[in-house]
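When you get a sec, could you build the whole thing from the sequences and use the hints?
As they're listed, the protein sequences go chains A and B. So for the first sequence, this note's numbering puts the first residue at 2; every next one is plus one. So for the second sequence, this note's numbering puts the first residue at 2; every next one is plus one.
Derived by calculation from the structure, the hints in this document are not laboratory data. Please read all numbers here as calculations on a predicted model, not as lab measurements. Treat the hints loosely; a few may be bogus.
You can't tell identical chains apart in this list, so a pair holds if it fits in one copy or across any two.
To be verified - Taking lysine to aspartate or glutamate and the EDC-like style, the derived pairs with C-alpha atoms no more than 20 Å apart in a straight line are: (1) 402 - 391; (2) 221 - 150; (3) 402 - 379; (4) 221 - 154; (5) 311 - 343; (6) 311 - 126; (7) 311 - 40; (8) 6 - 192; (9) 221 - 240; (10) 402 - 378; (11) 402 - 80; (12) 402 - 44; (13) 402 - 304; (14) 6 - 379; (15) 311 - 257.
Number of protein chains: 2
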Amino acid sequence: MGVLKGMRVVEGSAFVAIPLAGMTLAQMGADVIRFDRLEGGLDHHRWPVTQDGKSLFWAGLNKGKRSIAIDMRHPRGREIITEIICAPGPDAGLFLTNLRVRGWMDHETLSTRRPDLVMVTLLGDRHGHPAVDYTVNPAVGFPDATGPEGSADPVAHVLPAWDCIAGNMAVTGLLAAERHRLRTGQGQSVEITLKDVAAAMLGNLGIIGEVAVNGVDRPKNGNALYGAYGQDFVCADGERVMVIGLTDRQWRGLVEATGSGAAIAALEAELGTSLADEGARWLHRGRITAILAPWFAANRVAEFGAAFDKAGVTWSLFRSFARALAEDPDFSPQNPIFAEIDQPGIGRYPVPGSPFAFSAAGREPPAPAPLLGQHTEEILADVAGLPSGEIARLFDEGIVKGP
Amino acid sequence: MGVLKGMRVVEGSAFVAIPLAGMTLAQMGADVIRFDRLEGGLDHHRWPVTQDGKSLFWAGLNKGKRSIAIDMRHPRGREIITEIICAPGPDAGLFLTNLRVRGWMDHETLSTRRPDLVMVTLLGDRHGHPAVDYTVNPAVGFPDATGPEGSADPVAHVLPAWDCIAGNMAVTGLLAAERHRLRTGQGQSVEITLKDVAAAMLGNLGIIGEVAVNGVDRPKNGNALYGAYGQDFVCADGERVMVIGLTDRQWRGLVEATGSGAAIAALEAELGTSLADEGARWLHRGRITAILAPWFAANRVAEFGAAFDKAGVTWSLFRSFARALAEDPDFSPQNPIFAEIDQPGIGRYPVPGSPFAFSAAGREPPAPAPLLGQHTEEILADVAGLPSGEIARLFDEGIVKGP
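Spelled out as C-alpha cells, the structure:
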C-alpha cells in the first residue's frame, strides 16, 4: 500500500538516473512499466555482473517495475509503446525518459495522443552533446579538488553522484508536474540536463561564489572537512576513523572525548584566537590534527568507540564495501528497509527497499527486479488493451518478447 | 510563475540537505519560509565565506526563501513557529526539517494543531546517532574504493553527495505525501535517514550484490569507468581528458576518432575476444589504455576537441572550479538557468536558478537568498496573522529580529 498507489508511470531508459527515478516511484507504490528493445537496453549487461553475466546493476535499479520487451524498429512496436505511454487514466500519462528520440517518442508527438501527458526528459547537456556522470564530474571541477593535499592528480568519484541527484530530481519534476495537472488539467514537458544539475549544485554549495567573489580556486584538502574541523586518523589498532567538529557541540564533544581540552586551550592561547570559531578551526586544522593524532595513534576503536557514541561524538570508521556489509546491521534485514529476497536468475541476497518511512502508507517490502519482458503479455492486455489473439500474433511475429 | 505556485512550505533546518530541499521547492514557485534562531542557524557562518565573513554557502542554499529569526528558547517564540507551521490553507501545512526536536516541534505535537500536517524529517541514522555526509561516506565504503589503483589511502568525496541526494529525496517525500493528502485529506510524518539513503544506494547500484553474490570487494580503479571502458589521458598540451566507451556506439566512436581501429583489431585477435563486449573492455582496459595513451600524448585538445564533438565522442576536460567558471558558458548567464544577481551583503555574481525547464510554467529567474530575519515582520503578519501591535511588542522584547 504505497503512498503513490494507483499512479502509473512509463519509463524508457538506461543506466542510472532515470531507472533510479522509476524505481523510486515504484518503491512508493506506483505501477512503473519499463520498456526495452528485445535484446534489453544499453544497461542490460552493465557491471557488476554475476559469474554467468547477469547484471547486478540492472537488478539493483529496476526493482519493483514491470518489464515489456518490444521491437521499436517495427512501426507496430512504436505504436504499442505510444499506446502504453498515452493509455487513459487520471493517474497515468506519466513518462520518464533519458532516451532522446526525435519523432515518434518526443513530447510534441506523444502529446497529440494524450494532451495532458507529463513527460520528464533527462539529457546530457543543454547543447545536445552526450554527457555522463563520468564526464560531467571532471567538467565541473570536483576531481581537481579531490584527493591528497598537494597532489596534482585529479581523483574522480566512484559514486555516480550526479546521476543519483538527477534521478531524484526527475522524480520531483514528475510529481510537481502531475500536481500541476491535477489542478489545471494541463500536461507538460519537463526537461533537465545532467550538466545543468551539476552546474547549479556548484552554485548552490557556494563554490561559484568562492571563485567569483573571493577569487579562490579551492585546492585539494585531503579528507579534511572543508571550512570547520573534521579529519581522518589512524588508530592504535590500524583502524581509520573520521571525526567531526563542524558544529560547536561536535567540536566540544571531540575535544572532551579525546581529553584534549588543555592542549587545545594552550593552542588557543598561543594563536590568540578561539577555536570555537569554525573558520579558526579550519585555518588551524593542521595544529589541531597534530594534537589529536597522537591520541588516536595510542587508542583503539574497540576502547573509545562506545564512549564516543555515548558522548554524542560524530564519527565513523572507514571500511570497504564488503566490511560494511559484514559488520554493519544497517545493511542487513535488521534494518527494516532491507530484506533478503530471491532475484530471479541471480539468487538470494539483501536488497534495499525505499528508505522512506511514510507513516500513513506503511513500508512496502523490497521487490525483485523483473526479468526482461517478464510482464510483456500482461501489459499488452491490461495497459495497451489488446485482445489475446493480437497479443499472440505479436509474439509469433517477434515484435514482442517474453522473459 | 512556478509550477508549485501557491504552495507554502516551512523549513527548520541547517546545512545542506534540507536547505537544498526547501530551495528546490522555492525555485519551483513555492513560498518557502525558513525559520532560524535569532543568531542564525548552525550553518549561518558555514564556509565558504567572504572576506568579511558572509557565508556564500548560506547564500547558495537559501535562495528564494523568506526568513524569520525568532527566539525558540522563549515559549512565545515556539508558539509562533507552531502557528506558522500549522497555519491554515489547503496548500500549506508542509514542514521540512533536519532538526530533531522532541516535544513542541515533533510530528505528534504539531499534528494536534493541524491534523493534516505533512512533516518530512531527515535524520542521521536509524539509531538516533548523529551522522553527516562526511561520516556516512566512509561508513558505507566509497572512500576505500576511490583513488589511484593500489593505493591504501581512502579518499573522501568533496561533493556532499549523500546530502544532495537526501535533500532531493526530502522533496520527493513531501510532494508524494502532499499528493496523498490531496486525495485522502490525511497528513503524515515522512522520515528518512542519511545513512539509509546511502545504504539503499549501495544496493541500488549493485554493490551489495557484488559483495554478497560475487564475493568481490571492489578495489580502487583510479579514474577508470567501472565495468566497461572509460579512462583519463594526458594530452600533448598537458590537458587531461576523460573519454568514455561505455556503450557500443561510444566505444566505436572513440576508436574511430583516435584512429585506433587497426590496433584494437590486432589486440582483439591477440586476445581472441571481441572488445565490443563491455566486460571484455573492462577486463582488458590496461591493454586498451596502452594503445590510446600515445595517441593522446601526441595530440592537443585544441586539435581534436571539435572532431570528437562532431563524431559524438563522449568526453570531457578535467579542470578546476575556477577554470570551469572562466571557460565554460554553461556556468554563466549564457545558460538560461544562470543570472548575475545582487546578493545582499555579498555582491553580484552568477547564480543558478532551478535546472528544471517546465514547459507549462516558464522559468523563474534566480532569486537571492534572504538576509537572516528579512521577512520576520511580514511573516508574523501574513502567515501567523498577528496584529501590528503584537508584532511591535515581539520586536521590542527581542523575541523576534529583523534583518
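Now for the hints, and whether the structure bears them out:
1. For the identical chains of this complex, residue 402 and residue 391 are intra-copy neighbours only, at 14 Å inside a copy versus 70 Å across copies, given an alpha-carbon limit of 20 Å.
2. Taking the shortest Cα distances, residue 221 and residue 150 sit within 20 Å of each other both inside one copy (5 Å) and across copies (19 Å).
3. With identical chains, the CA atoms of residue 402 and residue 379 are at most 20 Å apart within one copy only, with a shortest distance of 12 Å there and 61 Å across copies.
4. Taking the closest pair of Cα atoms, residue 221 and residue 154 come within 20 Å of each other both inside a single copy (10 Å) and across two copies (15 Å).
5. Taking identical chains as interchangeable, the C-alpha atoms of residue 311 and residue 343 are never at most 20 Å apart, the minima being 38 Å within one chain and 45 Å between chains.
6. Taking CA atoms no more than 20 Å apart as the test, residue 311 paired with residue 126 passes between copies only; the shortest distance there is 15 Å, against 48 Å inside one copy.
7. Taking the closest pair of Cα atoms, residue 311 and residue 40 never come within 20 Å of each other, the shortest separation being 54 Å inside a single copy and 29 Å across copies.
8. In this homomeric assembly, residue 6 and residue 192 come within 20 Å of each other (Cα to Cα) only across copies, at 19 Å, whereas the closest approach inside a single copy is 25 Å.
9. Taking the closest pair of Cα atoms, residue 221 and residue 240 come within 20 Å of each other only across two copies (18 Å); inside a single copy the shortest separation is 23 Å, beyond that limit.
10. Within a single copy, residue 402 and residue 378 get their C-alpha atoms as close as 8 Å, which meets the 20 Å cut-off; across copies the closest is 64 Å, which misses it.
11. Only within a single protomer do residue 402 and residue 80 lie at most 20 Å apart by alpha-carbon distance; the minimum there is 16 Å, versus 61 Å between protomers.
12. Taking the shortest Cα distances, residue 402 and residue 44 sit within 20 Å of each other inside one copy (18 Å), while across copies they are farther apart (54 Å).
13. When the C-alpha separation of residue 402 and residue 304 is checked against a cutoff of 20 Å, the pair qualifies neither within a copy, at 59 Å, nor between copies, at 46 Å.
14. In this homomeric assembly, residue 6 and residue 379 come within 20 Å of each other (Cα to Cα) only inside a single copy, at 19 Å, whereas the closest approach across copies is 39 Å.
15. Only within a single protomer do residue 311 and residue 257 lie at most 20 Å apart by alpha-carbon distance; the minimum there is 12 Å, versus 60 Å between protomers.
The structure does not agree with the numbered hints 5, 7, 13 stated previously, though it agrees with the rest.
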